[in-house]
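Could you slot chain B onto chain A? The hints should help.
Given next are the chains, with one letter for each unit.
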Amino acid sequence: MSLYAQHGYGKAAKIEKGIEKKLLSGIILSPKAEKPEKIIEFIQQLKKSHGEIDILFDPQFYFSAFSGELSEGKLNQYPYYISGITRAKLSVPSNIHMYAEEVIRYQQNLDVDKLVSPTILFDDFNGKQSQIAISLAYESISLSDDDMLISLCINENAFRNTEAMNEFLDVISLLDVRGFYLIIERSNNNAKETLLDVNILTNIMRFCYTLATINEFEVILGYTDLLAIPLTITGISATASGWHNGMKMFSEENFHPSTGGRRPRKRYTSSKLLSSILILPEMTTIAGLGKLSDIMSETEYDRLLLPSPGDTVWSDEISCLHNWNVLKDLIDEIESYTTIGEKLDHVTDMILMANKLYRILNARVPFENKSSNSHLNIWLPAISEFRNQIGE
Amino acid sequence: MAVPCLKAEDVEIIIPNCKVLGKAMCGGQKKVFPCEINGEKFALKFILLRNLAVDDETEEVDLSEFEEIRARAEREISIMKSVSSHNVIKIGNIDLTGIEYNNQNILYYSEEWIDGEDISTILRRNVTMCNLDVLHLGIDIAKAIDYIWETNNVHRDIKPQNIMKRDCDNSFVLLDLGMAFDLDDKSLTKMGFVPGTKIYFSPEQLDWKRKRDIDFRSDLFSLGMVMYQAITGCHPFYKAGMYDNELFSRIIGDTPISPQAIKQDISKSLNDVIMRLLSKAPNGRYRKCSFLINQLQTLLHELEV
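Chains as they are written, first to last, in the numbering used here: chain A, 1 to 392; chain B, 393 to 697.
One chain only, chain A, in its complex shape (with noise of 0.2 Å):
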């Protein structure tokens, strides 16, 4: 499994970096935080400079059907975007050709590895709006006989309804492209990012084992960040993350304009605590028990934070190639197990190792939620349930 780039406002030199270090497999380009001359030419310097990177362009379509406010960025720069397209329109089938036609079009003019089909967002498999997703998903596939990933995006809640997720895997397995590139939105986007309820989550697994393993799909999963720990399991092949919040998870409010507030607080992603801490105090209260050592990812990005972690100049830019350089090691040691039952032995041991520290830090630690470990007591039972549901 690999790990790309989830492309989005404020790039600088981080995507280079992270493909030049070998974090990086590849990258989902976002014309939201692009505009289109600037894209093809970030796609041409990439072909020239890393040719081996698998180049993504998610069109985003899925933004036109959002409602309300929005903040639209470059996207209304796009020939193909139509910006505020209603339900009356989606239910047109002339309509929906169109919007794949074009969207599919535009990519095969750019210098991309594989076609990204439109979708929109839903929140329920057996509703209106997974029917047009599937709809779009067809109409996209008649289109083109080049390598194509069918995207989908999903709200978190439509993974309830075990029944319904499995009669759309029913329809959607049957499909005769590469893959899938799967976003889940999370409904809350103040929500912690790794925190999904144990019956979602397992759900996920579910839906992402079913087509990557079962159905031998390429499965590429967008908006990922830590929570790829437990989904690397299924047999995913690329997970996604960028440098802010909002690319790391997938938010529909993260579209609409901010109301402001202030930059966020520094954080360390820790490959120990299978999650991130504030720098500012949780670190550098762990540093002043004498615990750093036990806490620290052992990326070459850790020194900077010796022997005080306050005392650090913690850039955007590193902080970002740290946090891939601790997902792609979490990957990469996942990955070097053989089989299902034994990766899920180990990210099982890792949950329970990390948990342990856990005890021992609590007492002292001021940990805020985002930082605690209330994830991993969701993921221990999510694992477990998709264990027995596998048979492994």
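Under the rule of at most 20 Å between Cα atoms (straight-line distance), these lysine to any residue pairs were calculated in the SDA-like manner:
| # | chain 1 | residue 1 | chain 2 | residue 2 |
| --- | --- | --- | --- | --- |
| 1 | B | 672 | A | 389 |
| 2 | B | 672 | A | 391 |
| 3 | A | 192 | A | 265 |
| 4 | A | 192 | A | 244 |
| 5 | B | 672 | A | 174 |
| 6 | B | 660 | A | 213 |
| 7 | B | 680 | A | 213 |
| 8 | B | 473 | B | 506 |
| 9 | B | 660 | A | 340 |
| 10 | B | 672 | A | 385 |
| 11 | B | 433 | B | 506 |
| 12 | B | 660 | A | 341 |
| 13 | B | 680 | A | 176 |
Residues from chain B that keep clear of chain A, each with C-beta distances beyond 12 Å, as calculated:
| # | residue |
| --- | --- |
| 14 | 402 |
| 15 | 467 |
| 16 | 625 |
The following label-pair restraints were derived from C-beta to C-beta distances:
| # | chain 1 | residue 1 | chain 2 | residue 2 | range |
| --- | --- | --- | --- | --- | --- |
| 17 | B | 590 | A | 163 | 18 to 28 Å |
| 18 | A | 163 | B | 474 | 28 to 38 Å |
| 19 | A | 216 | B | 460 | 32 to 42 Å |
| 20 | B | 605 | A | 341 | 29 to 39 Å |
| 21 | B | 690 | A | 49 | 36 to 46 Å |
Hints in this document: simulated from the structure, not taken from any laboratory.
All residues carry an ideal CB built from backbone N, CA and C; glycine is no exception.
Showing chain B alone in chain A's frame:
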């Protein structure tokens, strides 16, 4: 459903250049005569469309039933003509023909003659089949399912009686496309009636609301049951004397004991393939027959080496 009342002499009158070679067999709604036409062997199949003698005594006749029988026969012939595979039964030299004979409306046609035995006969004699034979069975019938699916059809009645092993090359051939379902065409079955042989139904065949959603993966489930039975000697869900309700509930909800737990000399890989074919959800089986065929061919190669 009755079969036509015909003897060998009747057949030779109906088709003058035909010589009946043996006893007639009755299967489903058909009476089948082994015969020779112009020096070549065929299976000559007769279907009773309407018994006019009985109709005379009835006040009202439901013609839709006869139309359905005719449409089903036409569909069967059409699929046989469109599928060109060594693993699917072929149409013979007589196309679908209708006649009135001895107060009976009859349809008939010929199919290629296969020298061999059907799987149910083999299993009645030997109880089980060896790993190698089951692998060949799986590969050949998966190919047949694939060919039928290429024409947008689903067989829907895969069972031991409908699979023959040829004497000449030990290959397996899928018979009786009479229950096949064309996904693009109108449904030939009445609301709520589920066609096929019930002990080899797939879970989705039992859900009549999803009838039109059925695809080739339903046939893969039935193939899984046949392979399971062929290798273990037991049906995965059915026990003698079981009521329909219990059988259907087991097909829909129960995971059968793995073949390896019944017979230890079954390879784990073959065991896993069979169990995967028996997944309750179609998405848990194989999305392409070629994936199954490749996996079985790899196992076959390993076993032969």
